[in-house]
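**Student:** Each chain, letter by letter, is given below.
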Amino acid sequence: MVSASDFVGRDIISIKDFTRDEIDYILRVAGEMEPLAKTGSDMLKGKIMATLFFEPSTRTRLSFETAMYKLGGSVIGFSGPEASSIMKGESLADTVRVVEKYASIIVLRHPAEGAARFAAEYANVPVINAGSGAEEHPTQALLDLYTIVREKGQIDGLTIALMGDLKYARTIHSLAYALSLYKVRLIFISPELLRMRREILEDIRGRVEVYEQTSIEDVLPEIDVLYVTRIQKERFPDIAEYAKVRGSYRIDLAILKKAKKDLIILHPLPRVDEVSVEVDSTPFAKYFQQVENGVVLRMALLALVLGAIKE
Amino acid sequence: MVSASDFVGRDIISIKDFTRDEIDYILRVAGEMEPLAKTGSDMLKGKIMATLFFEPSTRTRLSFETAMYKLGGSVIGFSGPEASSIMKGESLADTVRVVEKYASIIVLRHPAEGAARFAAEYANVPVINAGSGAEEHPTQALLDLYTIVREKGQIDGLTIALMGDLKYARTIHSLAYALSLYKVRLIFISPELLRMRREILEDIRGRVEVYEQTSIEDVLPEIDVLYVTRIQKERFPDIAEYAKVRGSYRIDLAILKKAKKDLIILHPLPRVDEVSVEVDSTPFAKYFQQVENGVVLRMALLALVLGAIKE
Amino acid sequence: MVSASDFVGRDIISIKDFTRDEIDYILRVAGEMEPLAKTGSDMLKGKIMATLFFEPSTRTRLSFETAMYKLGGSVIGFSGPEASSIMKGESLADTVRVVEKYASIIVLRHPAEGAARFAAEYANVPVINAGSGAEEHPTQALLDLYTIVREKGQIDGLTIALMGDLKYARTIHSLAYALSLYKVRLIFISPELLRMRREILEDIRGRVEVYEQTSIEDVLPEIDVLYVTRIQKERFPDIAEYAKVRGSYRIDLAILKKAKKDLIILHPLPRVDEVSVEVDSTPFAKYFQQVENGVVLRMALLALVLGAIKE
Chain A
297 MVSASDFVGR DIISIKDFTR DEIDYILRVA GEMEPLAKTG SDMLKGKIMA
347 TLFFEPSTRT RLSFETAMYK LGGSVIGFSG PEASSIMKGE SLADTVRVVE
397 KYASIIVLRH PAEGAARFAA EYANVPVINA GSGAEEHPTQ ALLDLYTIVR
447 EKGQIDGLTI ALMGDLKYAR TIHSLAYALS LYKVRLIFIS PELLRMRREI
497 LEDIRGRVEV YEQTSIEDVL PEIDVLYVTR IQKERFPDIA EYAKVRGSYR
547 IDLAILKKAK KDLIILHPLP RVDEVSVEVD STPFAKYFQQ VENGVVLRMA
597 LLALVLGAIK E
Chain B
297 MVSASDFVGR DIISIKDFTR DEIDYILRVA GEMEPLAKTG SDMLKGKIMA
347 TLFFEPSTRT RLSFETAMYK LGGSVIGFSG PEASSIMKGE SLADTVRVVE
397 KYASIIVLRH PAEGAARFAA EYANVPVINA GSGAEEHPTQ ALLDLYTIVR
447 EKGQIDGLTI ALMGDLKYAR TIHSLAYALS LYKVRLIFIS PELLRMRREI
497 LEDIRGRVEV YEQTSIEDVL PEIDVLYVTR IQKERFPDIA EYAKVRGSYR
547 IDLAILKKAK KDLIILHPLP RVDEVSVEVD STPFAKYFQQ VENGVVLRMA
597 LLALVLGAIK E
Chain C
297 MVSASDFVGR DIISIKDFTR DEIDYILRVA GEMEPLAKTG SDMLKGKIMA
347 TLFFEPSTRT RLSFETAMYK LGGSVIGFSG PEASSIMKGE SLADTVRVVE
397 KYASIIVLRH PAEGAARFAA EYANVPVINA GSGAEEHPTQ ALLDLYTIVR
447 EKGQIDGLTI ALMGDLKYAR TIHSLAYALS LYKVRLIFIS PELLRMRREI
497 LEDIRGRVEV YEQTSIEDVL PEIDVLYVTR IQKERFPDIA EYAKVRGSYR
547 IDLAILKKAK KDLIILHPLP RVDEVSVEVD STPFAKYFQQ VENGVVLRMA
597 LLALVLGAIK E
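Protein chains in written order, with the numbering used here: chain A, 297 to 607; chain B, 297 to 607; chain C, 297 to 607.
Isolated chain A (complex conformation) (with noise of 0.2 Å):
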């Protein structure tokens, strides 16, 4: 049985650190925290939070300080320019061991793989990853999941997109692997250039049903829940070939007419032009519900980590 004492002290590097059990259980904490987001709470009174961004994430950094605000706590760090003056200054180590002496936790966001596993051996503080390298972004994958749970009240049964850059996008490798640990159908959408990678394919395969599109077409109806991300033109070699796939991965009005009544659309952000804006005000998006549930499930991290909650 999980229980919230196994959180306490702990680094939330990769998703793949957690079991379905542990996910569940915060997801189930995350639930808690929604009425406190609206009142505020005294809970990490007296805690301050580090973030550390040696590459700039604007929206992610907000999102942890809300949540540690909404807790009542403190937030000290930097991010921009600073950022690259104290890596000129100092290795990591010595920073992460400097910033603990401020600190109750340690939010990381890194250019370099595997940064938020390497500060966190060094730190006597918890370490949270709030992105490095092409790694994963194990608090997006969470929350993620947190909305679907919260839309679809479970995620066990649901058909499950993913379209766009399958490749590269940094938040569709962790999502595509905390799926896995549950009972879905995944569908991958993507040009073919931009295929989701073969080593997490091979990973996932074994676990649940996973099929491979290259348009949205034909399996729309079947879609209970489509995660799109944003096409980036560097990817390609040549703009022509960009400019055709671009059109083929756009979500409208139009397109939706074949959807399920029930579908929930989710996205990352930032958003250029993937979903029309058009499709804002409809009940299939949740692009920005998936914003405020960052929110609750950072909180739910927080309050775990630090020991705030109680059984």
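I should point out that these hints are in silico values taken from the structure, not numbers from a laboratory.
Every residue, glycine too, gets a C-beta built ideally from N, C-alpha and C.
Do not take every clue at face value.
To be clear about the criterion: a stretch of chain C counts as covered by chain B if any three or more of its residues have a C-beta under 8 Å from a C-beta of chain B, and this derived list gives those stretches [what the hints assert, rightly or not]:
(1) 368-381
(2) 385-398
(3) 506-512
Have a look at the derived ranges for each label pair, beta carbon to beta carbon [what the hints assert, rightly or not]:
(4) Gly-429/C with Gly-410/A: 52 to 62 Å
(5) Tyr-464/B with Asp-514/A: 58 to 68 Å
(6) Lys-312/A with Ala-408/B: 55 to 65 Å
(7) Pro-566/B with Pro-533/C: 50 to 60 Å
(8) Ala-550/A with Pro-566/B: 31 to 41 Å
(9) Asp-317/A with Glu-409/B: 53 to 63 Å
(10) Ile-535/C with Tyr-464/B: 17 to 27 Å
(11) Asn-420/A with Glu-530/C: 48 to 58 Å
(12) Pro-533/C with Ser-381/A: 48 to 58 Å
(13) Arg-494/B with Ala-430/C: 52 to 62 Å
(14) Arg-531/B with Glu-495/C: 28 to 38 Å
Take the given structure of chain A and dock chains B and C to it, following the hints.
**Tutor:** Just chains B and C now, with coordinates in the frame of chain A:
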């Protein structure tokens, strides 16, 4: 009758959105904030304010943050290089819809004309305009009015001069409009090149007596409130012209010999040399008091808009 | 007799402004802050600290902010690109007179010699010097002293060596002066080019025994406290000279075989390689403990200056 409930959830975009009665109400609440500015308060405990500064304005940002902290709230936000990365990454509409999931109120500074009103249309939380484009800067105008009331008892009956760059200075237009709601005489003193814009003159002429001057000499003895703004070199095609003008629109002890004993001098800051530092220690100088008044005025707005003021 | 009231409203500009008795009093209060650093406190609730960092110093900034948050206060401020825009826009005197309307205390970091004292003359609130020019860095010296007292019980009677760049390192001059108020033996170890400045030597020679060395080898067995600073390449006209020096002023396990069992090693950080990472896990290493001590020392200063400490 104006009441506190008229302000709950309201956007603060332009001074023109407010009646004189509403402005008077805000100024009264600002007065009630003065003791709280000294002691601090828990009025907005658990609330979060987002400061989205798409262009830098350190003084304005610090003033809003101070106001929020004095009311017991928290602050998230960005400014500087992070802002430009946000602007490149997504539309202002999407940024606002993300940030409203974090914050109870958004304070926006933006280089584009109309940006604050646009943001307010998308946001489900109140938006306060901290300056957008060359448009009005309503909270500056309100703190200017508050300073006049606080120092003079009332605005009606005063002779008020606005001097310097009346054409481009952002704060001047909001202020001139706001003053025209009162029974005042307005004197606009500026070089020919930087005269008050015609459309603003036309607008307020119907309500108050307006005079235009190119020199302060003759009118100084009649003035109760002198509002000075900086004249920027870049406005002049000819540097010799600038040099001449600069000396003529500079306030020092010598010229103040002709002033009323109870003249007050205001300035939106930063000041270069248009008010000599020797004036700082005279009873005329109220420009640093304005800074202090800016905090209580913004406390009043935050508390009103967030529904923390009871009738 | 020194009492808490001696510190209320006082500026912290130079270590030379304090008597030994006053320093001892501050160190005692720092000790009393240790439990509060663990639990947090409401001692400065409702107070705002402004961090005006006209040059970056992330560690110092985070240390002050942590101290303020642990006492229940709030923080506003700027650093990085905003700082240079402020510098261009107005005089330091005006900036200080604006910020004192927002904050109960100003923490200033500035590249110009004498900037902190200048600011303190204009400000009506206390100013703490967080480093200005090549001048003293008083809070660093105080936290160094606190670390010695905490680890050794007292400062009197110790043999203390300062090693590395004794000419340019900002922290060294404040520290040497502060130590000279105690009954210590001081050993200055540096390459010829980076010897302690003559005027400082003359100043402290009358009070304590002082020795100068170009090598640590002979004196290491006598040393109780070894304070290491970084030697920067830029100080050397000849890169070959730098390479030679670098190796000779590096502390590793091999050389520490000659050290006293209870030697402690301090370093102001960031460290490059002048203390080998293999030393970190020995009982000699106290440089990360220094970081923690910096927080309680700054808590003590904030609490004293803002009048929150009762006799």
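**Student:** Compare the structure with each hint and give your call.
**Tutor:** We went through each hint and held it up to the structure:
Look at the region 368-381 of chain C against chain B: 8 of its residues bring a Cβ nearer than 8 Å to a Cβ of that chain, three or more, so the hint holds. Here's how the region 385-398 of chain C fares: 9 of its residues keep a CB closer than 8 Å to some CB of chain B, so the rule of at least three is met and the hint holds. With 0 residues bearing a CB less than 8 Å from a CB of chain B, the region 506-512 of chain C misses the requirement of three and the coverage assertion fails. The hint said 52 to 62 Å for the Cβ distance between Gly-429/C and Gly-410/A, and at roughly 40 Å that hint is violated.
Taking the beta carbon of each, Tyr-464/B and Asp-514/A are about 60 Å apart, inside 58 to 68 Å as hinted. Taken as a hint, the range 55 to 65 Å is violated for the pair Lys-312/A and Ala-408/B, whose Cβ atoms sit roughly 44 Å apart. Checked against the given bound of 50 to 60 Å, the beta carbons of Pro-566/B and Pro-533/C, roughly 42 Å apart, lie outside it. A C-beta distance of roughly 54 Å is found between Ala-550/A and Pro-566/B, which places it outside the suggested range of 31 to 41 Å.
At roughly 55 Å, the beta-carbon separation of Asp-317/A and Glu-409/B lies within the given 53 to 63 Å, and the hint holds. Distance hint check for Ile-535/C and Tyr-464/B: the Cβ-Cβ separation is about 53 Å, which falls outside the suggested range of 17 to 27 Å. Under the hint 48 to 58 Å, the C-beta atoms of Asn-420/A and Glu-530/C, about 34 Å apart, miss the expected range. At roughly 26 Å, the beta carbons of Pro-533/C and Ser-381/A sit outside the given window of 48 to 58 Å.
A hinted range of 52 to 62 Å for the beta carbons of Arg-494/B and Ala-430/C is consistent with their spacing of about 56 Å. Look at Arg-531/B against Glu-495/C: about 50 Å separates their beta carbons, and that is not inside 28 to 38 Å.
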